[in-house]
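Chemist: Chain by chain, the residues run as shown.
2 protein chains.
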Amino acid sequence: MIKVAFQGESGAFSEIASKKMFGDKIIVSPSFSFEEVFLKVKNGDVNFGIIPIENSLYGSVFETYDLLLKYSMNIVGELNLQINHNLIAKKNYKLSEIRKVYSHPQALGQCSEFLKKMKNAEVVPTYDTAGSALISLNNNAEPTAAIASKNASKIYKLKILKSDIQNNKENYTRFYAISKNKSKKNPEHPKSSICFELKNIPGALFKALSVFALKEINLLKIESRPIPHKPFQYIFYIDFSGALYDYKIKQAVKHLTEFSLSIKMLGTYETGKIFIS
Amino acid sequence: MIKVAFQGESGAFSEIASKKMFGDKIIVSPSFSFEEVFLKVKNGDVNFGIIPIENSLYGSVFETYDLLLKYSMNIVGELNLQINHNLIAKKNYKLSEIRKVYSHPQALGQCSEFLKKMKNAEVVPTYDTAGSALISLNNNAEPTAAIASKNASKIYKLKILKSDIQNNKENYTRFYAISKNKSKKNPEHPKSSICFELKNIPGALFKALSVFALKEINLLKIESRPIPHKPFQYIFYIDFSGALYDYKIKQAVKHLTEFSLSIKMLGTYETGKIFIS
Numbered sequence: 000m001i002k003v004a005f006q007g008e009s010g011a012f013s014e015i016a017s018k019k020m021f022g023d024k025i026i027v028s029p030s031f032s033f034e035e036v037f038l039k040v041k042n043g044d045v046n047f048g049i050i051p052i053e054n055s056l057y058g059s060v061f062e063t064y065d066l067l068l069k070y071s072m073n074i075v076g077e078l079n080l081q082i083n084h085n086l087i088a089k090k091n092y093k094l095s096e097i098r099k100v101y102s103h104p105q106a107l108g109q110c111s112e113f114l115k116k117m118k119n120a121e122v123v124p125t126y127d128t129a130g131s132a133l134i135s136l137n138n139n140a141e142p143t144a145a146i147a148s149k150n151a152s153k154i155y156k157l158k159i160l161k162s163d164i165q166n167n168k169e170n171y172t173r174f175y176a177i178s179k180n181k182s183k184k185n186p187e188h189p190k191s192s193i194c195f196e197l198k199n200i201p202g203a204l205f206k207a208l209s210v211f212a213l214k215e216i217n218l219l220k221i222e223s224r225p226i227p228h229k230p231f232q233y234i235f236y237i238d239f240s241g242a243l244y245d246y247k248i249k250q251a252v253k254h255l256t257e258f259s260l261s262i263k264m265l266g267t268y269e270t271g272k273i274f275i276s
Numbered sequence: 000m001i002k003v004a005f006q007g008e009s010g011a012f013s014e015i016a017s018k019k020m021f022g023d024k025i026i027v028s029p030s031f032s033f034e035e036v037f038l039k040v041k042n043g044d045v046n047f048g049i050i051p052i053e054n055s056l057y058g059s060v061f062e063t064y065d066l067l068l069k070y071s072m073n074i075v076g077e078l079n080l081q082i083n084h085n086l087i088a089k090k091n092y093k094l095s096e097i098r099k100v101y102s103h104p105q106a107l108g109q110c111s112e113f114l115k116k117m118k119n120a121e122v123v124p125t126y127d128t129a130g131s132a133l134i135s136l137n138n139n140a141e142p143t144a145a146i147a148s149k150n151a152s153k154i155y156k157l158k159i160l161k162s163d164i165q166n167n168k169e170n171y172t173r174f175y176a177i178s179k180n181k182s183k184k185n186p187e188h189p190k191s192s193i194c195f196e197l198k199n200i201p202g203a204l205f206k207a208l209s210v211f212a213l214k215e216i217n218l219l220k221i222e223s224r225p226i227p228h229k230p231f232q233y234i235f236y237i238d239f240s241g242a243l244y245d246y247k248i249k250q251a252v253k254h255l256t257e258f259s260l261s262i263k264m265l266g267t268y269e270t271g272k273i274f275i276s
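Chain order of the listed sequences is A and B. Using numbering that gives the first Met the number 0, read the first sequence as starting at 0 and increasing by one per residue. Using numbering that gives the first Met the number 0, read the second sequence as starting at 0 and increasing by one per residue.
Because the hints were derived from the structure by calculation, they are not lab data. A couple of the hints might just be wrong.
Which copy? The list can't say, so a pair holds if one copy fits it or any two copies do.
Computed list of lysine-lysine pairs in DSS-like fashion (alpha-carbon distance at most 27 Å, straight line) [what the hints assert, rightly or not]:
| # | residue 1 | residue 2 |
| --- | --- | --- |
| 1 | 253 | 89 |
| 2 | 220 | 69 |
| 3 | 206 | 249 |
| 4 | 253 | 156 |
| 5 | 161 | 2 |
| 6 | 93 | 39 |
| 7 | 206 | 220 |
| 8 | 115 | 41 |
| 9 | 263 | 206 |
| 10 | 24 | 118 |
Throw the hints in and build the complete structure from the sequences for me.
Modeler: Here is the structure:
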C-alpha cells in the first residue's frame with residue numbers, strides 16, 4: 000500500500016490531489032505543515048508527499064520552493080487541480096438562515112462575490128478549508144456553513160448547499176509529488192526542474208537562460224528566492240520541457256556551471272494533467 | 000508640508016522608512032492595508048506612499064507588485080532599511096519576569112533564537128510590530144514585552160530591555176516611494192522598473208531579456224506574478240540600471256514591444272541607499 004503525506008485535514012484539496020495522482024487506494028497521512036510533509040518523506044514514514052507549488056490566482060508557494068532546496072527531495076510527479084469551492088453545512092439550511100461561514104482566508108477571498116449576498120452570515124477565517132467543515136459540524140449553537148471541497152462534504156457527511164461558488168472559475172493549483180528516490184520510469188512528456196545560484200557577474204541571468212535558449216530547450220517557468228545571508232541575491236528555480244537525462248539538457252546544465260556557484264537537480268517528471276476537484 | 004501614507008501603526012518600520020526618505024518634518028498617515036496606501040495616494044489625500052517591495056530574508060511582497068499594476072502609480076524613490084528588532088516593555092523588567100511577548104509572526108520568527116531563552120514567556124502573535132507595543136502597554140495584568148523598532152519604544156515611551164535581538168543581522172527591507180506624478184528631478188544613479196506581459200511564443204522571456212542584454216543594460220531583478228484569467232501565464236516585473244528617458248533604454252523598450260502584449264513603465268528613481276532602523 001502506498002502512503003502519501005499532505006498538508007491539511009482529511010478532505011483538503013491536497014488530499015484530492017494525492018488520490019488523483021496515486022489512486023483511491025492509498026493510505027493518506029494528513030500533516031500539520033508543509034515541513035512535516037517533507038520530514039515524513041525524508042524519514043521514510045510515507046512513500047510520497049504531495050505539495051502545492053503554485054496557484055494560478057495567487058502565484059508561487061514560496062515555502063515549498065525553500066523546502067525543496069532544504070530537503071534535497073526529488074520531484075517525481077506533477078498535477079493541476081481545478082479548485083472548486085462549495086458551501087456545505089450539517090442540514091439543508093436556507094442561505095438566509097446561516098449565521099456564520101467558516102473557511103481559510105484564501106477560500107473566503109475567492110468566494111467574496113457569493114459571500115456578499117449572504118447578508119445574515121458573519122465570515123470567520125480558519126486555518127484550513129477542510130478544518131472549517133469540522134468546525135461547522137461541531138457548532139451546535141447556531142446554523143453555520145463552511146466553504147470547502149466536495150470531498151470534505153462526503154468525508155464529514157455534510158450537505159452541499161451550493162456548489163462552485165468561487166468568483167473565478169479559472170482557479171488551478173499545481174502540485175508536485177516528492178520522493179526520496181528518483182522516478183524510475185521515463186515520462187512520456189517529460190518536464191524537469193533545477194535551481195541554481197549564479198556567480199556575481201554582469202548579465203549572469205541572461206547568460207544562464209541563453210544556455211537553454213541556444214539549445215531550443217523550452218523554458219516554462221522562472222522563480223527566484225532570496226539567499227538569507229546574501230541580501231538581495233537570489234536562488235533561481237526554472238522548469239523546462241525535457242528530461243535531465245537527455246543529451247542536450249545534460250550539455251546545457253554543464254554549460255550553466257560556467258556561470259553558477261551551485262546547481263541542484265530537482266527532478267524529471269511527467270508534465271501534469273488537469274483534474275477537477 | 001509633505002504627507003506620506005504607510006501601512007501599519009505609528010512606529011512601524013514603514014514609518015521609519017518614510018522619515019528616512021522625506022525627512023522628520025513630514026505628516027505621516029498610518030494606514031490599515033497596502034491598498035489603503037495606494038488609495039490615499041490616488042485620491043490626493045497624501046503626496047506619497049511608502050510600501051515594502053522585498054525583504055532580504057522573505058523575498059518579494061506579492062501584494063505590492065499586484066497593486067503597482069492595478070493603480071498605475073509611479074515609483075519615485077527607493078530605500079533599503081536594515082531591520083533591527085528590540086525587546087521593549089513598560090518597565091525595566093528582568094527577562095525572567097516577563098510572561099508574554101507580543102509581535103508580528105515574521106518578527107517573532109526573526110527573533111526565534113532569542114525567544115528560546117525566554118522560558119517563562121508565552122509568545123503571542125499580533126497583526127503588527129508597532130501594534131504589539133500598544134498591546135503590551137495596555138496589558139496591566141502581568142509583565143509583558145513587545146518586539147518592535149527603537150522608534151516604537153520612543154513613540155509609546157517604553158524601555159528597551161534588549162536591542163538587536165534578531166537571529167540574522169543581514170535583514171533588509173527594500174521600500175518604494177510612490178506618487179501620482181513622475182519624479183521631476185533626474186536621479187544621479189538612476190534605476191528603473193517596468194512590467195510586461197509576453198506574447199505566447201517560444202523563448203519569449205529569453206528574447207525579452209536579450210533586448211536588454213544586447214544593449215548592456217544591467218538587469219537587477221526579475222519577478223513574475225500570475226495573470227488571473229490566464230492560468231499559468233505571467234506578468235514579468237524587471238528592475239534595471241538606467242533611466243527610462245535614456246536613449247538606449249527607450250530603444251530597448253521599443254524592441255520589447257515586438258515580444259509583448261503590453262508594457263507598463265513603473266518609474267525611474269534614485270538607487271536606494273541603506274539606512275539603519
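Chemist: Now, for every hint given, state plainly whether the structure supports it.
Modeler: Comparing the hints with the structure gives:
1. 253 x 89: Neither, since 59 Å and 59 Å both go past 27 Å.
2. 220 x 69: both (20 Å within a copy, 23 Å between copies)
3. 206 x 249: Both ways: residue 206 and residue 249 sit 17 Å apart in one copy and 23 Å across, limit 27 Å.
4. 253 x 156: Neither way: residue 253 and residue 156 sit 55 Å apart in one copy and 59 Å across, limit 27 Å.
5. 161 x 2: neither (33 Å within a copy, 47 Å between copies)
6. 93 x 39: neither (43 Å within a copy, 40 Å between copies)
7. 206 x 220: both (16 Å within a copy, 14 Å between copies)
8. 115 x 41: Close across copies (26 Å), not inside one copy (44 Å); limit 27 Å.
9. 263 x 206: both (18 Å within a copy, 25 Å between copies)
10. 24 x 118: neither (42 Å within a copy, 45 Å between copies)
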